[in-house]
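Here the protein sequences come in this chain order: G and D.
Each residue of the first sequence is one higher than the last, beginning at 643 in the working numbering.
Each residue of the second sequence is one higher than the last, beginning at 2 in the working numbering.
In short, the hints are calculated from the structure, not lab data.
For each residue, glycine too, the CB sits at the ideal point set by N, CA and C.
Treat the hints with care, as some may be off.
What the hints assert, rightly or not - Pairs of lysine-lysine, DSSO-like flavour, derived with a Cα cap of 30 Å: (1) D:LYS78 x G:LYS769; (2) G:LYS690 x G:LYS666; (3) D:LYS96 x D:LYS136; (4) G:LYS946 x G:LYS929; (5) D:LYS184 x G:LYS769; (6) D:LYS181 x D:LYS134; (7) G:LYS769 x D:LYS80; (8) G:LYS769 x D:LYS136; (9) D:LYS129 x D:LYS41; (10) G:LYS694 x G:LYS946; (11) G:LYS678 x G:LYS690.
As the list claims (entries may be wrong) - Which bits of chain G does chain D cover? Going by a derived footprint, with three or more residues having C-beta under 8 Å, they are: (12) 814-825; (13) 854-864.
What the hints assert, rightly or not - Chain D residues, not near chain G, derived (Cβ > 12 Å throughout): (14) LYS20; (15) PHE49; (16) LEU60; (17) PRO71; (18) PRO77; (19) THR79; (20) ILE118; (21) HIS163; (22) SER177; (23) PRO187; (24) ASP192.
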Amino acid sequence: MAETNGSAGNGSGTAGPEGNGGGKLAAVLAGAKEVKARATGELAETIKAPEKTDVWKSVLRVKHDETPRSRALGVLSNVFLHLHPAKINRDAVAYNYTWGMGGMTFYVYITLVFTGTLLMFYYHPSKVVAFRDILYLESDVPFGKLLRNMHRWGAHLMVIMVELHMFRVFLTGSYKKPREFNWVVGVLLLVLTLLLSFTGYLLPDDQLGFWAVTVGTNMARATPLLGHDGPFGPQLGMTPFNDVRFGLLGGSIVDSNALLRAYIWHCVAIPIIASLFMIVHFWRVRKDGGISGPSPIVLESEIKEPKKV
Amino acid sequence: MANPTIEPAGPAAPPPKSKPSLAQALQVIFSKKEDADEAKTIARRRKFVMAAVLGTLSLNLLMFLRFFFPRALYEPKTKFRIGFPSDFGFGVDTKFQNQYRIWVVRNTEGIFVISAICTHLGCTPDWKPSENKFKCPCHGSGYDPEGINFEGPAPRPMDRAHVELDPEGQILVDLSHVYKWPKGEPSQFNDPGAILRG
């Protein structure tokens, strides 16, 4: 089409000086008409099948055909799903074996990240207004009470689920070779979950959280070597003003610094660390041969004749 | 039956070269001369870069750790005046509990100030006048009116703050200087400054 347009222009260029103006105009008009026809055609096609246009493909993902290979590719070529195996054994979805606790824990974690981020829009981590913000969320913010309680109960649920998940892994012996490394990662994730729970406890700045954190951080005074009441602590020069408890609280008492520190550990630092460990954890599940289970069932119809050499 | 693969007993291999000094290493790294053994040079350079990176990171880690220990604190004053000895009658006075977290106690020996921190895990016990004792709401430690533990998990009596009379005659309390009675050790409660006698 472009060729036709170009040659028409060339043709008019070689014509005599008399018909030069009229010929050029006619050629331009003819070209414009063609462009219009082409554009109309393309537009009609776009409306008919928008997913086949280049713009669509460059912004959104390509839809794969409904073949097993394409479905596997859909998982493999997705940065989020590639942590997950493209295919799993049919026994791996037997809930009576795994209880699905790991997956549910992750689901609760996502819920907590979402509700927690929303709560951050109303909460100020400062001694003067922290508790007032909680009351404000509970009584005035639309859906504030729902979000706060989702976060609170979700947090309790996550701790319970992590522990049940660990219990299941222990009972089924899934910590054994080749999954020892992933067990260690899981133990670290348990500790991080408990730390998230503990730092979140102080944030409402109510009597319950305040005294819980007072008690919890007073235990850190007895840390060996690093606490000022612990074994060998005083000998190493630990005082209430330079020991591990002081580093956690940002002071010698649970005060505004402690609230701010708990907030930052709770909302930024620990979630990032926990997310990184979760990525490793899920990836390791895949690398260690998928979710643990009894030896896979193979149907008679699926048994392949061994190849004869 | 001589094994032909065994090496003949010749002179021993040359002793391993000792580690190059830092000056030598730097000379090799920055010299324009082509090294005969390129692989060794590359390995040495890689080691140098790794050492530089790890050194920087560990220095940063130390800075990061030090960052969590501020030099100045904005915490309540630990030295304050609470009035004249004649302001306090016999028994436990709780009027400074909210402000300074202390109780002022007068007994037959004199006046002393108890730091209102449970020696178990640091909660504030409640004064129960009807039961004539302090009771911690966290884990149930109980103390008599002089702050001596008699029930619950508390390991020792509550600490007492340093007290003295200022020139005006007011009681000056110093909470940063406390007298303890650790389990199995002699009591510091009779030290000078632990009690205002009379």
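Going down the list of hints, with the structure as the test:
Between D:LYS78 and G:LYS769 the alpha-carbon distance is near 18 Å, which keeps this suggested pair within the 30 Å criterion. A C-alpha spacing of about 36 Å is found between G:LYS690 and G:LYS666, which places the hinted pair above 30 Å, so the restraint is violated. The suggested pairing of D:LYS96 with D:LYS136 holds, with an alpha-carbon distance near 17 Å, which does not exceed 30 Å. Of the supplied pair hints, the one linking G:LYS946 and G:LYS929 holds, its CA atoms being roughly 25 Å apart against a limit of 30 Å.
Annotation: proposed proximity of D:LYS184 to G:LYS769 is violated, straight-line Cα distance about 36 Å (limit 30 Å). Taken as a hint, the D:LYS181 and D:LYS134 pair is honoured in the structure, with Cα atoms around 19 Å apart against an allowance of 30 Å. Annotation: proposed proximity of G:LYS769 to D:LYS80 holds, straight-line Cα distance about 23 Å (limit 30 Å). The suggested pairing of G:LYS769 with D:LYS136 holds, with an alpha-carbon distance near 27 Å, which does not exceed 30 Å.
Our distance criterion of 30 Å between C-alpha atoms is broken by D:LYS129 and D:LYS41, whose separation comes to about 79 Å. The straight-line distance between the Cα atoms of G:LYS694 and G:LYS946 is roughly 40 Å, outside the 30 Å bound, and the hint therefore fails. Distance hint between G:LYS678 and G:LYS690 is fulfilled; the C-alpha atoms sit about 18 Å from each other, no more than 30 Å. Counting residues of the stretch 814-825 of chain G whose beta carbon lies closer than 8 Å to any beta carbon of chain D gives 0, which falls short of the minimum of three for the stated coverage.
Counting residues of the stretch 854-864 of chain G whose beta-carbon sits less than 8 Å from any beta-carbon of chain D gives 4, enough to reach three: the coverage restraint holds. Every C-beta of chain G lies more than 12 Å from that of D:LYS20, the closest at about 34 Å, which supports listing it as non-interface. For D:PHE49, the requirement that its beta carbon stay farther than 12 Å from each beta carbon of chain G is met, with the minimum near 29 Å. Here D:LEU60 stays apart from chain G, with its beta-carbon at least about 19 Å from theirs, past the 12 Å limit.
With a minimum CB-CB distance of about 6 Å to chain G, D:PRO71 fails to clear the 12 Å threshold, and the non-interface call is violated. Chain G draws D:PRO77 into its interface by the beta-carbon criterion, the shortest separation being 8 Å against a cut-off of 12 Å. Not every C-beta of chain G lies more than 12 Å from that of D:THR79, the closest at about 9 Å, which undercuts listing it as non-interface. The beta carbon of D:ILE118 sits about 9 Å from the closest Cβ of chain G, which is not more than 12 Å, so the claim that it is off the interface is violated.
At roughly 16 Å from the closest C-beta of chain G, the C-beta of D:HIS163 stays outside 12 Å, upholding its exclusion from the interface. The Cβ of D:SER177 sits about 9 Å from the closest Cβ of chain G, inside the 12 Å cut-off, so the non-interface label is violated. Every beta carbon of chain G lies more than 12 Å from that of D:PRO187, the smallest distance being close to 18 Å; the non-interface claim holds. A cut-off of 12 Å between C-beta atoms confirms that D:ASP192 is not in contact with chain G; the least separation is 19 Å.
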